[in-house]
Amino acid sequence: MTTLGEMLLSILSEVPLGRPNSSQVLKILADVDDKPQGTRLLLDPSAGSNVSAANAIRIKLKAVVVQQRPLLPRLNQA
Amino acid sequence: MPCLEHFFSDRGGVHTLNITMPRFDGDFRQLIDKKPPSPYVIFKNLFTQVMTGVGHIHQARIVHRDLKPDNIMINHEGSHYQAVITDFGLSKELNTQFNTRGAGTLHYMAPEVFVRTTRPYAQYGFPADIFSCGAIGVELLHPEIYESASRRFMRLLNTAGCSSFITISGRESDVSFL
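Protein sequence lines correspond, in order, to chains A and B. Using our numbering, read the first sequence as starting at 1 and increasing by one per residue. Using our numbering, read the second sequence as starting at 1 and increasing by one per residue.
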């Protein structure tokens with residue numbers, strides 16, 4: 001099972017040839033988990049401020065990371 | 001193809017051309033601004049339609065190059081949403097990859113399109129549209145984080161002295177390369 005966060009990360013991959021095409025994305029979407037687990041995106045605190053434009057792009061991509069949130073504790077709370 | 005914009009008529013007079021287009025309830029931008037209560041369900045539904053449309057234009061060897069929430073129109077009846085891709089003003093036909101100037105909207109622009117300005121021999125192609133769709137998805141699911149990342153991104157660009165942009169719609173993020 002793929003999470004939405006993992007799918008978005010693969011789409012936002014920095015290497016264009018490694019990025020899935022539309023039919024691959026559709027296949028992943030059919031299998032993606034509807035629950036919001038694993039889709040929380042966090043900013044990378046290590047991003048600096050004095051960088052070139054190309055580095056800014058890389059930092060923009062690195063700013064998107066996936067935090068896997070376990071579903072079990074929330075079920076226990078419920 | 002229901003996911004792509006259709007023209008109803010082009011009948012006009014001798015000196016005029018009339019283009020009739022369907023009316024839409026709104027666009028993806030308005031949907032994001034509304035902060036829908038169940039964005040994951042809406043995301044999966046709309047993203048499937050958008051990717052179907054993108055796949056169709058890619059099969060026709062066309063790169064859209066300006067996919068963003070403002071260019072995806074939405075019709076909805078109750079909980080059913082229909083997405084339609086519009087604005088092919090920047091789209092280009094290509095065979096595999098091509099050497100052309102970067103164009104699009106900065107916040108949804110793939111890195112390889114962006115670096116095209118500084119690396120004249122860099123190439124980009126169909127995956128650039130896929131990146132834009134991913135950026136739209138992040139904005140729908142986590143608008144606050146996307147906004148924060150975009151603000152930081154623009155600050156970094158200003159710090160790096162990137163002044164070779166021209167604004168084409170009055171918005172800071174809507175740029176085309178010289």
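Simulated from the structure, these hints should not be mistaken for laboratory data. It is possible that some hints are incorrect.
[To be verified] Lysine-lysine pairs mimicking DSSO-like chemistry, simulated, CA-CA at most 30 Å apart: (1) Lys92/B x Lys27/A; (2) Lys27/A x Lys44/B; (3) Lys35/B x Lys27/A; (4) Lys44/B x Lys92/B; (5) Lys27/A x Lys34/B; (6) Lys44/B x Lys34/B.
[Claimed, not checked] Facing chain A, a subset of chain B residues (Cβ under 7 Å, in silico): (7) Thr48; (8) Val54; (9) His58; (10) Ile62; (11) Val138; (12) Leu140.
Glycine residues also receive a C-beta, built at the ideal position from the N, C-alpha and C atoms.
Hint check:
1. Lys92/B x Lys27/A: Distance of about 26 Å is within 30 Å: holds.
2. Lys27/A x Lys44/B: With a Cα-Cα distance of about 12 Å, the restraint between lysine 27/A and lysine 44/B holds, given a limit of 30 Å.
3. Lys35/B x Lys27/A: Holds. Lysine 35/B to lysine 27/A sits at ~27 Å (cutoff 30 Å).
4. Lys44/B x Lys92/B: Given that 30 Å is the threshold and the Cα spacing comes to 28 Å, the pair holds.
5. Lys27/A x Lys34/B: Within the cut-off at roughly 29 Å; holds.
6. Lys44/B x Lys34/B: Cα-Cα ~17 Å, so holds.
7. Thr48: 5 Å, holds
8. Val54: 5 Å, holds
9. His58: 6 Å, holds
10. Ile62: 12 Å, violated
11. Val138: Cβ of valine 138/B sits 6 Å from chain A, so the hint holds.
12. Leu140: 10 Å, violated
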